[in-house]
Amino acid sequence: GAGVSQSPRYKVAKRGQDVALRCDPISGHVSLFWYQQALGQGPEFLTYFQNEAQLDKSGLPSDRFFAERPEGSVSTLKIQRTQQEDSAVYLCASSSLGHRVDNEQFFGPGTRLTVL
Amino acid sequence: SQQGEEDPQALSIQEGENATMNCSYKTSINNLQWYRQNSGRGLVHLILIRSNEREKHSGRLRVTLDTSKKSSSLLITASRAADTASYFCATDAGSDYKLSFGAGTTVTVRA
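Protein sequences, first through last, are from chains C and B. Note that the first sequence covers residues 15 to 130 in my numbering. Note that the second sequence covers residues 114 to 224 in my numbering.
In case anyone wonders, no lab produced these hints; they're calculated from the structure. Quick caveat: nothing in here was measured; it's all calculated off a predicted structure. Cβ coordinates follow ideal geometry from the N, Cα and C atoms, glycine included. A couple of the hints might just be wrong.
[To be verified] Partial list, computed: chain B residues near chain C (C-beta under 10 Å):
no.: 1; residue: Gln122
no.: 2; residue: Tyr148
no.: 3; residue: Leu156
no.: 4; residue: Arg173
no.: 5; residue: Phe201
no.: 6; residue: Ala203
no.: 7; residue: Ser213
no.: 8; residue: Thr219
no.: 9; residue: Thr221
Can you build the whole structure from these sequences, using the hints too?
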């Protein structure tokens, strides 16, 4: 079976452009996470969905960041009016159960966003 | 903010040698996990150790956890070129779902 997929793998945007990053989780996985990974750093939590409900968006850096998962499967992370500090790898992960942190998270390959 | 800190930041070893890296964290945890990230690829889960466990093995990996010192170590024995990657520890930091990662240790295994 397929793992978590993300698209595009690479995105170059001019400062001020809007971007949309897509995540296809493993089929049937209830939980979906977005993380941001700056160069040379570990991933940092952005937001968490359980099915279509966004239960935690405390890690989103600003109101320019918006995530949705309308049908409880595919998720989109949108960044409006991109800034250079948004340049990072955006990782999506899914897991099969709900609130269970020892439930393994499966990560996608990430989208590398470069804002010029 | 990142919960864990790995030490060293980078490690270079010869194939066949063992590699040891450490992780320190700040708050109480329910469990600690180690992940591997190869260049250009996503994170792969390696091993999870619960707070009531002191040591765990998986193949060539050995993980220890000392909750009194808030630290963990990952040992890779008989390293191979394919072990070249960045290794991250991640804790739950008391959350039911959120992982907090350290900055990682970059391991290079020379042939």
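**Asked** Of the hints stated earlier, which fail here?
**Response** Result: hints 4, 9 break, sorted rising.
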